[in-house]
Each structure stands twice: as C-alpha cells, then as structure tokens.
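J.: Here are the chains, one letter per residue:
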Amino acid sequence: MAHTHDDHEHGEGSELPDIELRVKALESLLVDKGYVDPAALGILVETYEKKVGPRNGAAVVAKAWSDEAYKQKLLDDATAAIAELGFTGRQGEHMVVVENTAQTHNMVVCTLCSCYPWPVLGLPPVWYKSAPYRSRAVADPRGVLEEFGVEMDDDVAVKVWDSTAEVRYLVLPLRPEGTDGWSEEDLARLVTRDSMIGTGLALSADQAPEGA
Amino acid sequence: MNGAQDLGGKHGFGPIDPEPNEPPFHDDWERHVFALTLAMGFTGQWNIDKSRHARESMDPAHYLSSSYYQIWLEGLTRLLLNAELVSREELEAGESRNDPVPLKQIMRAEIVPDLLAKGGPADRETDTEPVFSEGDAVRAKNIQPPGHTRLPGYARSRQGVIAAVRGCHVFPDANARGDGDQPQWLYSVRFTAQELFGDTAPPKDEVHIDMWESYLDAV
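Keeping their order, the protein sequence lines are chains V and W. All letters in the first sequence, in the order written, are residues 1 to 212 by this note's numbering. All letters in the second sequence, in the order written, are residues 1 to 219 by this note's numbering.
Source of the hints: derived by calculation from the structure; they are not laboratory data. Remember, it's a predicted structure, so these values are computed and weren't measured experimentally. A few of these clues could be false.
[Stated by the list, open to error] Some but not every residue of chain W turned toward chain V, in silico, with C-beta under 7 Å:
hint	residue
1	N2
2	G3
3	Q5
4	K10
5	R52
6	K118
7	K204
8	D205
Beta carbons are placed, not taken as given, at the ideal position from N, Cα and C, and that holds for glycine.
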C-alpha cells in the first residue's frame, strides 16, 4: 500500500490533500461493500456537530448549583442524575462528577487516548487529545492551568483524574459569587466547557454573556 | 504497550495552544473519519479496546506527528485490513473487487439515535467480591505487556490508596486480544503527585487513576 507508506515518509506537506482522497476512497469502498449506510454517517455527524455539546453539561452544573438535592444525587450517582436531564449514552455510560471546593480543584485528562464525556460535553477539542495536554496534565497541572489563565493558590489541592477506564469525569465548578437568586438558565451561561474539564473556572457574574 | 500513546509525564511537547471557539471538525474529511469509525465499530468485527490498540500500534514518530482524526483513520484502516473486510488493492481503488464479508450487524440510519442514547456499558455482572476496599494501600504492578494495557507507565510500581470501587468492568488487556470480556473489579486509585513525580511536586496535589484489580498488589 504505497499510499500510506508515502504519507508516512513525506510528513506534513503531502499529507493533507492526500488524506481527503484517501478518506473519500475509503468511504466509497465501505459503502460499495454494503458495510455502512451513508444516511447513518450523516446522522452521526449531525448529532455531534449540532445537537450534543457543552450546553448539556452546563445545564447539569446549573441545576446542581440551584438544587442541593440534585447536587447530592449527582455526586452519589452521576450517570442516573445526568440521565434525568436526558443526557445518556455513548461515552457517558459510567459518569462520575467531581466537585470543586475552596480547598480542591479538579482537572480531567486521558493520558492514553482521548476519553471524554460525550453526552455532556460533546466531542473533545483538539488540545485535549494532543500530546502537550496529555503529557503535562498529570505531572504539571498548575502549569497547565496557568496557560489557561488560571492561577491556583498553593493552599488548594489540585486533583487530576486520568480517564484510563470507561468511567467519564465531569467537573462541578465552584458557583461564582454574586449569583444568588439567578435562574438555572442564567447560571448555565456562566458554565464554560473548560470549567467542566477543569482547565478553567466558571465565568464571574459580570462576565455573563448576553442571553440568547 | 510502551508506545507513543503513553504520554503522561513526558516532556518537550510545547504549549497547549487552545483554539478559541473551536468547531467540532476542522475539515470535512474529519467528519467522515469520525462517522466511519463509529459505523464500522458497530459491526462487531472488533471492540473499543482493539480500536485503541490499533491506534497506539502506529509507528511512534507517525503517531506523534498525526492529528487525532489522522490517528483514527490509521486505526480504522488497520482494523479493516486485519479483519480482512477489505484488501489493500480495494483501499487504493476506492471500490470493491471481492465479495463483501457477511456482517452480523450494520448501523442503519433508523437505529442511530437509539444506539447513541443507549451506548455500550462496560460493567458486568459478577459473583466475585472486590479484593480491595476504600482506604486500602496498594501498589501498581510493574507490568509492561507488548499488547494493550490501560496501566499508564508513570504509575508503574507506585504506591497509592483505593479511593473508590467502581464496579466490575470489561478487562481491556484481554478484550483487545480478542480473549473476551474477562471482567475484573475496577478501582479509583489515589496517588500523591510526589509519589508519581518526585519531591518537587506540590505536596497537596493528587492524581486519581482508574485501575483494574490485576494491575494492583496489596501493600
């Protein structure tokens, strides 16, 4: 298979246009063989491009901030509590929620591949799957946080969760001050994707984006 | 395996460089690689652990210089060839030259939403009891199998504490070889950052790793 071999030898320059052709040929072949249903491919892409994303996780977090009983359920059995909001399935079959406190900051990584809680966060960003984050998140989480603009006090314990099994982690960030009485909808706007991975914090009350 | 995928604690990869407002896919071919990987995974010709092993078995230099969807494409290509679902000639030509292999199931469009919503849980019934309980001191074994394992290199021989019992889960090392689920108890094990990365690590910091029972010795 000269094709793959060539990609390998020449590196970046020749790889990109080549890869488009390679993927087209692969898809044609698999459709031709009857192994894949082209309509199914479209639904898969649409689901993860348009329907599933970090707004799901933000709804979970906002509810936990607003409802103490729900928060307790979330910490006791995250899979069931998240399913109550309708977020279930692939890459979220075994959910664990880890709570940030004044003394503890949690951060999630998958050093061995790209494990990520799809039903609540969607597909992972490129940096989450790439060598710089995967190599440093466990050994230098504070340096990583600094790169994301977060300075973590020495008094705060940083806990990193390496997703080596089929358990998927979601960080419950600290609720920002000055948000007493806010609706779940307004609170959810403060919950960023990175705050649920643990590479960021929730936005402060005055950083709230305009309502959609 | 001691492949390029085992990245925890390695140096020299540079800044993380997050992209603001990053889209789920950057090029159209990525959408296709993503969807083809999921659709072919459903055929039951391999499992998620075999998929991970196909990706991590890439030449290390190639793995580290590839984007993640390039890695998925390489993995899928290897899986298709190993399962003899396609030939190299057919991959080159982009069309079928031989009769297709009969598959036990195909991901039809109408079942996709239900499949995604259900997922594929990895926990299994067992009549065994977990050997370890919360609070037990344990040490990760120094195992270095050439095949698939989910014991990261940076944790080998390190001592930690059982933080939680996660249930009885499919054992990836066996499943990736095609030897079946062979489920084992899975634990969340808490290590201090200093135990893993030395005395210069911040004293309060910890790393939690999910580990199967056979990765662990009692201390």
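J.: Does each hint hold? Answer for all of them.
T.: Here is how each hint holds up against the structure:
1. The restraint placing W:N2 at the interface with chain V is violated, with a minimum CB-CB distance near 12 Å, outside the 7 Å limit.
2. For W:G3, the shortest C-beta to C-beta distance to chain V is roughly 10 Å, which exceeds 7 Å, and the interface hint is violated.
3. Interface hint at W:Q5: satisfied, since its Cβ lies 6 Å from the closest Cβ of chain V, which is below the 7 Å cut-off.
4. A hinted interface residue such as W:K10 counts as satisfied when its beta carbon comes closer than 7 Å to some beta carbon of chain V; here the least separation is about 4 Å, so the hint holds.
5. Against a cut-off of 7 Å between C-beta atoms, the interface hint on W:R52 holds, since the closest Cβ of chain V lies about 6 Å away.
6. For W:K118, the interface hint holds, since its Cβ comes within 7 Å of a Cβ in chain V; the closest pair sits about 6 Å apart.
7. The restraint placing W:K204 at the interface with chain V holds, with a minimum CB-CB distance near 4 Å, inside the 7 Å limit.
8. Evaluation of the W:D205 hint against chain V yields a held restraint, the C-beta minimum of about 5 Å falling below 7 Å.
The structure is inconsistent with the numbered hints 1, 2, although it conforms to all the rest.
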